[in-house]
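Participant: Heads up: the protein sequence lines correspond to chains A and B, in order.
Residue numbers 1 to 312, in the numbering used here, belong to the letters of the first sequence in order.
Residue numbers 1 to 294, in the numbering used here, belong to the letters of the second sequence in order.
Treat the hints with caution; some may be incorrect.
As the list claims (entries may be wrong) - Okay, the calculated beta carbon distance ranges per label pair:
#1 A:Gly277 <-> B:Asp154: 49 to 59 Å
#2 B:Leu31 <-> A:Ala64: 52 to 62 Å
#3 A:Leu48 <-> B:Tyr44: 19 to 29 Å
#4 A:Phe51 <-> B:Pro271: 36 to 46 Å
#5 B:Gly135 <-> A:Gly277: 10 to 20 Å
#6 A:Phe51 <-> B:Gly150: 45 to 55 Å
#7 A:Arg304 <-> B:Pro181: 36 to 46 Å
#8 B:Tyr44 <-> A:Phe74: 21 to 31 Å
As the list claims (entries may be wrong) - With a straight-line cut-off of 27 Å between C-alpha atoms, the simulated DSSO-like cross-links for lysine-lysine are:
#9 B:Lys56 <-> B:Lys249
#10 A:Lys175 <-> A:Lys262
#11 A:Lys175 <-> B:Lys249
#12 A:Lys262 <-> B:Lys120
#13 B:Lys120 <-> B:Lys56
#14 B:Lys56 <-> B:Lys156
#15 A:Lys114 <-> A:Lys216
#16 A:Lys114 <-> B:Lys120
In case anyone wonders, no lab produced these hints; they're calculated from the structure.
We put the beta carbon where it would ideally sit given N, CA and C, even for glycine.
What follows is the residue order along each chain.
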Amino acid sequence: MAQPSVAANPRRGMGSRIRRFVRRYGVPYTYIAPFYILFLVFGAFPILFSFYLSFHDWDGISEAFFVGFENYAFLFTDPVFWQSMYNTLFIAVVAHVPMLLTALVLAFLVDLIKNRRLQEIVRTGYFLPAVTSSVAVAMVFSTLYGTRYGFINWILTSIGLSPIDWWGGTGFWVKPAIIILFIWRWLGWNMIIYLAGLQGIDHSLYEAAAIDGATKSQIFLRITVPLLIPVILFTLIQSTIGGITIFDEPFVLAGTSGGTGKAGLTLALNLYNEAFGYGNFGYASAFAYAITALIMIISLVNLRLFGFGRAR
Amino acid sequence: MAIGKTAREQTGKEPSATAKIPLRSIVLWALVTLGILFSAFPFYWMFVLATQTAQKVFSFPPPLWFGAEALSNYREVLEVIPFWRNFMNSAVISVTQTALVLLFSAMGGYAFAMYDFPGKRQLFVFMLATMMIPGIVQVVPWFMMMRWLGWVNDFKGLIIPGAVSAFGVFWMRQYIEGSVPHELLDAARIDGCPEFTILFRVVISLLKPALGALGIMTFMGSWNNFMQPLILLRETSRFTLPVALSLLKGDPYRGTNYAVLMAGTAMAVLPILTVFVFSAKRFMAGLTAGAIKG
Chain A
1 MAQPSVAANP RRGMGSRIRR FVRRYGVPYT YIAPFYILFL VFGAFPILFS FYLSFHDWDG
61 ISEAFFVGFE NYAFLFTDPV FWQSMYNTLF IAVVAHVPML LTALVLAFLV DLIKNRRLQE
121 IVRTGYFLPA VTSSVAVAMV FSTLYGTRYG FINWILTSIG LSPIDWWGGT GFWVKPAIII
181 LFIWRWLGWN MIIYLAGLQG IDHSLYEAAA IDGATKSQIF LRITVPLLIP VILFTLIQST
241 IGGITIFDEP FVLAGTSGGT GKAGLTLALN LYNEAFGYGN FGYASAFAYA ITALIMIISL
301 VNLRLFGFGR AR
Chain B
1 MAIGKTAREQ TGKEPSATAK IPLRSIVLWA LVTLGILFSA FPFYWMFVLA TQTAQKVFSF
61 PPPLWFGAEA LSNYREVLEV IPFWRNFMNS AVISVTQTAL VLLFSAMGGY AFAMYDFPGK
121 RQLFVFMLAT MMIPGIVQVV PWFMMMRWLG WVNDFKGLII PGAVSAFGVF WMRQYIEGSV
181 PHELLDAARI DGCPEFTILF RVVISLLKPA LGALGIMTFM GSWNNFMQPL ILLRETSRFT
241 LPVALSLLKG DPYRGTNYAV LMAGTAMAVL PILTVFVFSA KRFMAGLTAG AIKG
């Protein structure tokens, strides 16, 4: 390519065009290449292979056996799948709705703290649970939830209430235990994201609204919330993925079986069991696609709700 | 960052708004204090239990102040798991992965923000779309691939697939677009700086706030990652901290000694808590900067 001496060669035009192209675009293409190369190898290929696997019966060792849509058909009739679906949606919705609302209000309150140093301390305090490993904090919560000796039951009995049988009985308290831990861990994270969004809003808008006689709650609902919508949407999509793929917390608190009556068996835990417990890799792949479809649908609904996609 | 500052300075100018109504500020303070207690108490409880004997943990009422068993619990943690080995494993994986993510995100974000090239829009949209793919779809085929490559029980299987992040590229692009002027690149070119090195010689120092926040987010994610190391790593000496901790709970021979479990947990949590407390200010500033530009 780099042979300028062969002047009459018609290839030369081609070579110099390539060289010009490389000189103009070589840097940006080189800079974005790592992402696309690694994604193709470790992202796209596994996803496509998973799709192929989802039509097969495979234990991971012997030869894969084509079964058509059987895995997908089995999903619809598998009571454990539906139970884990219910558990996951229950945990995700009951944890996220109050958590995101509280985080938004808290962000608004923390933004009112004028003393900078103090605001920093408050923000750091709220954020700490999100920094630590979910396994570690789940360990700590498993001691708070102790049935006979746990801290929460000590509080309950000392104010005259009956203690909670967290892990036994009908399994009713397994989900609340996971939900409380989840809210504790992610409340501060979402609050900080909202706060970052709030602090990016031009304060002259508030002043203008106040001059026009708007009340505090009107300002919050009519100015703050609409301007925060991109940030809220970001947390919603992140929460959808995080909520539907919740794994660490139920794994540590309830165990791989999901605890009493499988009340803590989430989709991700169920998938983990199918693949790495029972070796049903084909079925687990179909399972993973079902979870992805669910996430896509919820994310699209979120996008629609907030007016994206309609605007264009 | 500059915009974040001015916004806060503006709020600082009108303190009368809250000073007028003390009741409101009392409610505000009560709420905020309650929230902080809610966040901090489990950590306090963890440290308290970590310093008790196994019997004391199960006393009623439970211990609320520190005991004297910190050292013996620490020794017992070391008997059950090779804690410092696991700690180093976590550190090696997290630091390498974070460094690679920062490098590739700065490069990708810079290319998308500062250059025009054929297919740019499509490539960018494609990258954003990959963010919507949950990691869980990839777990089964990822593990197959690791087995096929012979990377089971090998840190490569965690570091290399995790070396790029669509979110990271997106995050850096947003920041660079808002804070790096094209004139700076032109000036560097006139000074004879080769195109390929402008990013590393000139631009990178402007990206510190965004890189700092992205670095902390990536490090946290990597340090706390549980499902993938749980599936990939097979020997106790190769485990990362979260996987090793889950072993402390499940010790089938001794039953769970909660004082030791809490000691191990505290030892795992303390370093990252310390690092975060000291970097919190910068992290928040970077996050705010990113959110404003984004």
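Participant: For each hint, tell me whether it holds in the structure or not.
Facilitator: Right, here's what the structure says about each hint:
1. A:Gly277 <-> B:Asp154: 49 to 59 Å: violated (23 Å)
2. B:Leu31 <-> A:Ala64: 52 to 62 Å: Holds, since B:Leu31 and A:Ala64 (Cβ atoms, about 57 Å apart) stay within the stated range.
3. A:Leu48 <-> B:Tyr44: 19 to 29 Å: Cβ of A:Leu48 to Cβ of B:Tyr44: about 49 Å, so the range 19 to 29 Å is violated.
4. A:Phe51 <-> B:Pro271: 36 to 46 Å: At 41 Å between Cβs, range holds.
5. B:Gly135 <-> A:Gly277: 10 to 20 Å: holds (19 Å)
6. A:Phe51 <-> B:Gly150: 45 to 55 Å: The hinted range 45 to 55 Å is violated for A:Phe51 and B:Gly150, with Cβ atoms some 24 Å apart.
7. A:Arg304 <-> B:Pro181: 36 to 46 Å: The hint (36 to 46 Å, Cβ to Cβ) holds, given that A:Arg304 and B:Pro181 are roughly 37 Å apart.
8. B:Tyr44 <-> A:Phe74: 21 to 31 Å: violated (48 Å)
9. B:Lys56 <-> B:Lys249: holds (18 Å)
10. A:Lys175 <-> A:Lys262: holds (10 Å)
11. A:Lys175 <-> B:Lys249: holds (20 Å)
12. A:Lys262 <-> B:Lys120: Violated, because 48 Å separates the two Cα atoms, which is more than 27 Å.
13. B:Lys120 <-> B:Lys56: At roughly 63 Å apart (the allowed maximum being 27 Å), B:Lys56 and B:Lys120 break the hint.
14. B:Lys56 <-> B:Lys156: Given that 27 Å is the threshold and the Cα spacing comes to 43 Å, the pair is violated.
15. A:Lys114 <-> A:Lys216: Holds, at about 17 Å.
16. A:Lys114 <-> B:Lys120: Measuring from Cα to Cα gives roughly 43 Å; hence the hint is violated.
Checked against the numbered hints listed earlier, the structure breaks hints 1, 3, 6, 8, 12, 13, 14, 16; every other hint is satisfied.
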